[in-house]
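Peer 1: Respectively, the protein sequence lines represent chains A and B.
End of the first sequence = 302 in this note's numbering, gap-free, step of one.
End of the second sequence = 523 in this note's numbering, gap-free, step of one.
Worth flagging that the hints you see were computed from the coordinates, not collected in a lab.
Treat the hints loosely; a few may be bogus.
In the EDC-like style, the derived pairs of lysine to aspartate or glutamate whose C-alpha atoms are separated by at most 16 Å in a straight line are [stated by the list, open to error]:
(1) A/Lys71 - B/Asp192
(2) A/Lys71 - B/Asp231
(3) A/Lys40 - B/Glu140
(4) A/Lys71 - B/Glu208
(5) B/Lys313 - B/Glu208
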Amino acid sequence: MLRLIATRAALGVLTLLAVSVLIFLCTEILPGDVASAVLGNQATPEALAAFRKELGYDQPAWARYLSWLTGALQGDLGQALTNKRDIVDEIGPRFFNTLFLAGYAALVAVPLSVGLGVVAAIREGRPVDRISNIVTLMTISVPEFFIGYILIVIFAVQLGWFPSLATVFSGMSVAERLYVTTLPAVTLTMLVAAHMLRMTRTSVLSVMSSPYIEMAFLKGMTRGRVVARHALPNAAAPIITVVALNLAYLIVGVVVVEAVFVYPGVGQYMVDAVSKRDVPVIQACGLLFAAVFVGLNTLADIASIMVNPRLRNQR
Amino acid sequence: MTTDSTPGSGLIVDRRQLMAGAAALGLSTAFAAPTFAQETPQKGGTLRLGMEGGSASDSLDPTTYADSIPIAYSLMFWNTLVEIDDTGNATPELFESWEAKPGAAEWIFNVRKDIVFSNGKTLDADDVIHSINLHRGETKSPAKGILEPITEIKKLSPTQIQITLSGGNADLPFVLSDYHLIIVPAGYTDFANPIGTGAFLMESFEPGVRILAKRKDGDYWKPGRGNFDGVELRYIGDSAARTQALITGQVDAANRLDPKTANLVMKAPNIEVVRSPGTGLRYAFVARCDTAPYDNNDVRLGLKYGIDRQKIIDTVFNGFASLGNDHLIGQSNKYFDPSLEQRMYDPDKAAFHFKKAGMTGPFTVEVSEGAYSGATDCGVLYQEALAGAGAALDVKRVSADGYWDNIWLKSPFCAVYWGSRPTADLQYSQTFLSDAAWNDSHWKRPEFDKLIIEARAELDESKRKEMYAEAQRMVNEDGGMICFAVSDFLDGYSSKVRGAAAHARYDLNDQRIAEKGWFAG
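Let the hints inform the model, and build the full structure from the sequences given.
Peer 2: Okay, structure coming up:
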């Protein structure tokens, strides 16, 4: 089993390396360049040339890739081209914000959807199953900004319970942060709940037809107990994978939600950087997102291996 | 004139200079907006601004400013040399007064006395020279271009400098009102820690998130200004979020309201919408005058008469724009010539010109949302209107990415917007002079060049007005710019905010609402 885990981890690192090459290549072929984006339409050709030289664009691409990669490995992502601030310092608090919002949403969404999924499996075909299915399908079917605006209209404009701006600042207490980020967290919860709920329900139901489940019923156990004790542990692997996928989505896929609620996360930072052609920042954000995504998926694979009774009890 | 220390007294005194002098004498006339003169500004409160026009990459370095938010926060901490008043005249700020020698190539400026920086240093000529020189020579400052004509800046005394230009320019005070030209102490370049003469001190700077400022102790040097105890400027790039924040009272003022929803915002209780007509962006389609078929002026005239300006304004801009008259000078500019007839949609005239040219298209115009938001819709409406004049137009939609690099200045007929320039001279020098780098219409008329260069050095106001009227007529009748609309600035304010007037230059009262405004008691 250790070898399996090591292979997965090594594959994760390789994937990340490949992604870093892709990110670099993609930023190379972006149309337009930072010099004209930063200097706007008042730039003189002279100023443009001076700026481009300052950015090191006179060197070949592979040399810039290597120096970028070695820097990134040492935790140095360079400076933003536009305002000369250190990217690691800039991205740190923003990444924390993103994690905070994702964590908040995950704390609500994961227990809620896995719990509801199990309940739906126990009560298959009953009203609670139908209703939870329909509601979560509805929320996943509309775009996230729409849910966001609906929540704002109801809870910020009409009722006035929560602020429409979810901007958090350094020095805010945890309670304040939780309060202002409630609406975006609820939006995100509605986005990811359906996927996890349905996967939980399906995985549990698929093992329900196995002979050992039938045996458990024959022993006289209640349906709830059978699901909790016998079905769930064996259905865990696909659930873990889908939870990890959704956690990754909560971190890397929240750009639109961040924009709607004016939340200072990494997504917003990356969008700003793209519009200004600030290549090092785009690369840093891309790398960070890729690392989160690959990391969470690798972790999910490893966790699936570890919870699989057959792999765990290898002889 | 109040400038007694200036040599050469036999000058022509024009209206603008007279006003400048008067303002130097009695500050109250210059610094109190007439609309609010009867109300006494009150101290206190924190102004919360929700703004678009900046990003996480903003910095405090004045050689990087390019959008509304950097202008707004820099004017909290710093002052410029010359301020533009509500009606678009240059009035003294850190320059107390000025005078041009005949020919307008040599200027004497007097530095305001007894102004103290936040580090305790008193403002003098060296600080001014250092601050201007940040944008000259080896620099990537966007202001470098407009300062290029300056050949020498000489210190005459600790409070007086002389600026020499390579050619006459009666608009030099306007040029010096540029928002990049904030005044810092001599030798200072550590912009991350602002040292300025402005009303506020920086408390926290999180670009892309928010900027916090608090009022300096003691009296601000401009009477009646700098009233708020603090300012909180939030970046709210999403216009729906910005409008919500204003309506739910999370911010006291917001810029760039969406014209599509501005009517609804106006109905909200306790919200005032301030509209500055014809000060925003000049929306246009530009045709190259040296490329067939646009080298024929009848084709250009057909294209000008064949666009339904009012319909585009009503449909695309929801009515919040003014008619453009193909010459780029906005109606808030003092050289705007109201006697020049406004060109309207006239399919018969358009058809006449197309027939005279023997051409009815199809013409191809390249549009993109990267040119300006709504450009595609404008193009489609243009197509429809031209069809009414019997001409065909292909609207070719191109990518927003790299629009300014790959399409503009390269395409024979494409969408373009022009920002408002502080003076008629800059507006025309950058766009229509034969050798201008951004002469996107490739319109080359030596007599126009001559007119503009003469008008630039002309100190006689009435003569100058005539010259610019003639320039507008030439561009209107012969140029390749089909400028159909000029957008309005739309600011939203909580009704307790005072000092929120429309301004001739920028929105949010020339981006100075933090300095100029106050809360009603």
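Peer 1: Give a verdict on every hint.
Peer 2: Checked hints:
no. : hint                : verdict
1   : A/Lys71 - B/Asp192  : 13 Å, holds
2   : A/Lys71 - B/Asp231  : 31 Å, violated
3   : A/Lys40 - B/Glu140  : 13 Å, holds
4   : A/Lys71 - B/Glu208  : 14 Å, holds
5   : B/Lys313 - B/Glu208 : 42 Å, violated
Hint compliance for this structure: hints 2, 5 are broken, all remaining hints hold.
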